[in-house]
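> The chain contents come next:
There are 2 protein chains.
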Amino acid sequence: MANLIFGGIFGQLAAHMKALDALLRAQVQEFEPEIRDMADYCIDTSGKRIRPALVFLSGRKASPKVAADLVRAAAVVELVHMGSLVHDDIMDGAIVRRNRATAVKAYGTAASVLLGDALFAHALNLAAQFPTVEVCAAVSVSMRRVCAGEIMQTLSRGTTTIDRARYDRIIDLKTAELFRVSCELGAKIAGYPQAEQDAIASYGRHLGIAYQIYDDLADYFGTEDRIGKTLGTDLQSGKVTLPLFFLEESLPASERAELQAEIQGQRPPQLTLRLQQMRTAGVYARVAAEIERELASAQAALASVADPGKSLSQLGELSDVLRDQVKKLQANQPS
Amino acid sequence: MANLIFGGIFGQLAAHMKALDALLRAQVQEFEPEIRDMADYCIDTSGKRIRPALVFLSGRKASPKVAADLVRAAAVVELVHMGSLVHDDIMDGAIVRRNRATAVKAYGTAASVLLGDALFAHALNLAAQFPTVEVCAAVSVSMRRVCAGEIMQTLSRGTTTIDRARYDRIIDLKTAELFRVSCELGAKIAGYPQAEQDAIASYGRHLGIAYQIYDDLADYFGTEDRIGKTLGTDLQSGKVTLPLFFLEESLPASERAELQAEIQGQRPPQLTLRLQQMRTAGVYARVAAEIERELASAQAALASVADPGKSLSQLGELSDVLRDQVKKLQANQPS
Chain D
28 MANLIFGGIF GQLAAHMKAL DALLRAQVQE FEPEIRDMAD YCIDTSGKRI RPALVFLSGR
88 KASPKVAADL VRAAAVVELV HMGSLVHDDI MDGAIVRRNR ATAVKAYGTA ASVLLGDALF
148 AHALNLAAQF PTVEVCAAVS VSMRRVCAGE IMQTLSRGTT TIDRARYDRI IDLKTAELFR
208 VSCELGAKIA GYPQAEQDAI ASYGRHLGIA YQIYDDLADY FGTEDRIGKT LGTDLQSGKV
268 TLPLFFLEES LPASERAELQ AEIQGQRPPQ LTLRLQQMRT AGVYARVAAE IERELASAQA
328 ALASVADPGK SLSQLGELSD VLRDQVKKLQ ANQPS
Chain F
28 MANLIFGGIF GQLAAHMKAL DALLRAQVQE FEPEIRDMAD YCIDTSGKRI RPALVFLSGR
88 KASPKVAADL VRAAAVVELV HMGSLVHDDI MDGAIVRRNR ATAVKAYGTA ASVLLGDALF
148 AHALNLAAQF PTVEVCAAVS VSMRRVCAGE IMQTLSRGTT TIDRARYDRI IDLKTAELFR
208 VSCELGAKIA GYPQAEQDAI ASYGRHLGIA YQIYDDLADY FGTEDRIGKT LGTDLQSGKV
268 TLPLFFLEES LPASERAELQ AEIQGQRPPQ LTLRLQQMRT AGVYARVAAE IERELASAQA
328 ALASVADPGK SLSQLGELSD VLRDQVKKLQ ANQPS
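Chains as they are written, first to last, in my numbering: chain D, 28 to 362; chain F, 28 to 362.
Same shape as in the complex, but just chain D (with noise of 0.2 Å):
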């Protein structure tokens, strides 16, 4: 889901992107001077920027003019982004993120946990240079949200006990809760009414949800030159995600050992047999109907809302995108 997959929607972003660059690339000589290398390597602007994108295009209605407090809203929400990146690579033991050195490799655990939190703070500083503090408020809750969800993970990492009730919930906070904060912002910054305003941060969750199952199934499959990742990861690291769920509820009691051995890492996993099994099972089409699912309910947020111009029009063409993206995985099926 880079840019280039949502090139014609983000083309017409190029003016907010490009001021949304340099008030990131602003945001390095904000930080102590001794850091200031350090935070400019994790300032990263080559990234995906769904997320600013999400607020872009909830709060810029018909205005041509790039709003200054869209674009700070939008640097703020990839900073809270780029903070949890950190983190996430440190958890994950990740080496390389965008074809170049993760922060933990390049400076270490400790420094890398301390300068996510600086990442963090200066997110929140950003935040607290609105003349209200609501963003603070917003964006400060959507951080816990986050943590929170990313907790659950972790402590579910090698467990088969987890079940769907809580496979939602991790994603709703880890993922959507960003995805939500990010319309909602831009849907307060235009202005819109608080019920329009509920509607397009429920269009950003849903998405979000959606988001973030297509990229569970990405992991078993994508293709690693497109998803840009070795594949089967979620499987070899223990975690359980909705393939690995519906696989497991496939096969039959006296098989659901052995695949369970491999979640808990006390035997090697089989990627090819897992994925071999997944395909008898049905399980990329039952996951791709749950997908379906969200994006419909993401739609249906965002018809509730009157008149809605044509930035929200291409705010609701990203759940079409997604879909596309959805129907390509299903290519690589193994045979």
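Among the hints, erroneous ones may be present.
Which copy is meant is left open, so a pair is good if it fits within one copy or across any two.
[Unchecked claim] Derived lysine to aspartate or glutamate pairs resembling DMTMM-like cross-links, with alpha carbons at most 25 Å apart:
id: 1; residue 1: Lys75; residue 2: Glu282
id: 2; residue 1: Lys266; residue 2: Glu61
id: 3; residue 1: Lys132; residue 2: Asp116
id: 4; residue 1: Lys337; residue 2: Asp115
id: 5; residue 1: Lys266; residue 2: Asp347
id: 6; residue 1: Lys266; residue 2: Asp64
id: 7; residue 1: Lys266; residue 2: Glu59
id: 8; residue 1: Lys354; residue 2: Asp242
id: 9; residue 1: Lys266; residue 2: Glu276
Hints listed in this document are in silico derivations from the structure and should not be mistaken for laboratory results.
For chain D, the structure is supplied; the task is to place chain F on it using the hints.
Below, chain F alone, put in the same frame as chain D:
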């Protein structure tokens, strides 16, 4: 520097501390249900509460009433402090704090990184409950500065190239900053004119620097039962603080290489020898003089407040309490 030591002054803050404890305990319910037990574990009201005391003494003026906004500000700085302790214990591999397992020991590294993040996020959320962005702005800058100081310290471990200016900068950021902002917030809430807010904040900063130098001195000259931790851990972990810095300066070049090898972890530290050498070189007196210099600066800053009143006078007395603690270390010098 436990509560007991501050006995007299803290006794006068009993109603404030009680309100603080209640507010901190109430915060547990604000966390997502799934991480509430973990938040409860970390929101430990048995700490020294030095930073809340600074907020209260800087801000209560003559009022016998416990002002809700002072209590909230105190809770914000204490939550930031608690978050940083959770992350500190990860870096230090600390197993025990305040007579029980650290969060990293109880929940593992990954969950503790996220738990510290959640505490920071919630601290900022509480800060966003003030009617204006001032508290969020001040606290988020302080948090970033604390992280910058900790990063500098982390990257300096095991290196012998640290100079005095770098040591001063590290403690100013990692410790004095939170003391400073505690006093600043108290003074701001109390409505002192800007010049007096600055003076009170400056008091906090110098007290914080003095406190950190004292803490570093106690690592060599304390008694284990008094300071509640193992002595000599700084040498063990390659952390160059003022006592070690002065010792290194005092050694002839021929002996310096051996000490540097201990700092770099290439040789086991010879703590008994180093303590003996510190005594011979008069390290205690030199470090005590540095503390005295900071305490004098602290008191000079406070003296510029035209009408300090009883509360600011008590704030000033914290310097005397710290001075007495430093004197007690003198008795512990190895003979």
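> Failing hints, ascending?
1, 4 and 5
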